[in-house]
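**Student:** Residue numbers (UniProt numbering): 1 to 317.
Simulated from the structure, these hints should not be mistaken for lab results.
C-beta atoms are modelled at their ideal positions from N, C-alpha and C, and glycine is treated no differently.
Honestly, I wouldn't trust all of these hints.
Said to hold, decoys possible - List time: in silico DSSO-like cross-link candidates among lysine-lysine, alpha-carbon distance up to 30 Å:
#1 Lys-283 with Lys-151
#2 Lys-151 with Lys-279
#3 Lys-188 with Lys-151
#4 Lys-199 with Lys-188
#5 Lys-151 with Lys-199
Stated by the list, open to error - The calculated label-pair distances, taken between Cβ atoms and stated as ranges, are:
#6 Pro-58 with Asp-169: 40 to 46 Å
#7 Pro-27 with Ala-257: 19 to 25 Å
#8 Ala-257 with Glu-152: 21 to 27 Å
#9 Pro-27 with Glu-272: 27 to 33 Å
#10 Lys-279 with Glu-189: 34 to 40 Å
#11 Asn-49 with Thr-18: 17 to 23 Å
#12 Ser-103 with Glu-185: 37 to 43 Å
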Amino acid sequence: MRAIQITEFGGPEVLHETELPDPVAGPGQLLLDVSAAGVNYADTHTVENSYLSRSSLPMVPGAEVVGRTAQGRRVVALTDNGGYAQKAAVQEHLAHDLPDGVSDAQALALVVQGLTAWHLLRTSARLVPGESVVVHAAAGGTGSLAVQLAKEFGAGRVIATASTDAKRDLALELGADVAVDGAAEGLKERLVEANGGAKVDIVLEMTGGPVFDASLAALAPFGRMVAYGMASREPATPVAPAQLMGRSRAVVGFWLAHCLGRPGMYREPIAELLAMTVKGTLKPQVGGVYPLSGAARAHQDLRSRRTRGKLVLDVTR
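Required output: the full structure, derived from the provided sequences and hints.
**Tutor:** Here is the structure:
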């Protein structure tokens, strides 16, 4: 089978197309003929071995696929790497049958990024209707879904941040009440101004570094910031307990891996997201479709912040 494999850690340049033996499904697994694979920002960390879990070589990256079983079932599934390939063996309990009204790309937008957005709001931030929500990188895969879900879940004011006018316009189209520049300098002041002069209740933060610091400073008493990424690859200022106690603020970490296998935290949210997509109340944004051989270019585009929405590898090309 054709696959993208890395034999050394590094940036996009280590992603190479090659021929590999087909995987063999073990107990409790399904073997899929993959039609499309999702590209996530976490993949860029995985290939340089800078993610929360350690990587091992050689490796086929890719954490999500859409494909068909030998019996014809069309499913979307999480993978333990191995997604950038024509075939993948996936755990059956992490495979979800797809309705006809959902495209491959839409399904891929939901399985990692949609689930993450759902849990950021429901599980970690525990959004209460009427609260203000800041969504950083609001034109990205997770952010574009979080903007829509925050409105659907009753947020009083959704404040989007993004790096360009075009991305901010997209966030407004998706339902954000206001969109501001996401640069760290002056960010606290812009967030407070966007919230009518009041500090904010919830921040969904995936950049790290100075953006993390400014977001924490913008939190109201009893505000919650959920940290779920480190896209800047810059360290944030360490948070002392007194900083949290003095404003009754909370910083919550989130990693989707901890939801897998827990009752009610995988299949049920996925089913809800798929139903919303079929109904049209949730619109996953597809930002780019690349051939399998274009995996390195997809990583380059993602790291350079040139993209919006979900990036997909068309494994049939």
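**Student:** For every hint, state whether the structure bears it out.
**Tutor:** A quick look at each hint next to the structure:
1. Lys-283 with Lys-151: Satisfied, since the Cα-Cα distance of roughly 13 Å is no more than 30 Å.
2. Lys-151 with Lys-279: holds (16 Å)
3. Lys-188 with Lys-151: At roughly 22 Å apart (the allowed maximum being 30 Å), Lys-151 and Lys-188 satisfy the hint.
4. Lys-199 with Lys-188: holds (9 Å)
5. Lys-151 with Lys-199: Holds: Lys-151 and Lys-199 sit about 19 Å apart, inside 30 Å.
6. Pro-58 with Asp-169: 40 to 46 Å: Check passed, 42 Å falls within 40 to 46 Å.
7. Pro-27 with Ala-257: 19 to 25 Å: holds (21 Å)
8. Ala-257 with Glu-152: 21 to 27 Å: Since Ala-257 and Glu-152 have Cβ atoms about 25 Å apart, the given range 21 to 27 Å holds.
9. Pro-27 with Glu-272: 27 to 33 Å: At 30 Å between Cβs, range holds.
10. Lys-279 with Glu-189: 34 to 40 Å: holds (39 Å)
11. Asn-49 with Thr-18: 17 to 23 Å: holds (19 Å)
12. Ser-103 with Glu-185: 37 to 43 Å: holds (39 Å)
Every hint from the earlier list agrees with this structure, and none is contradicted.
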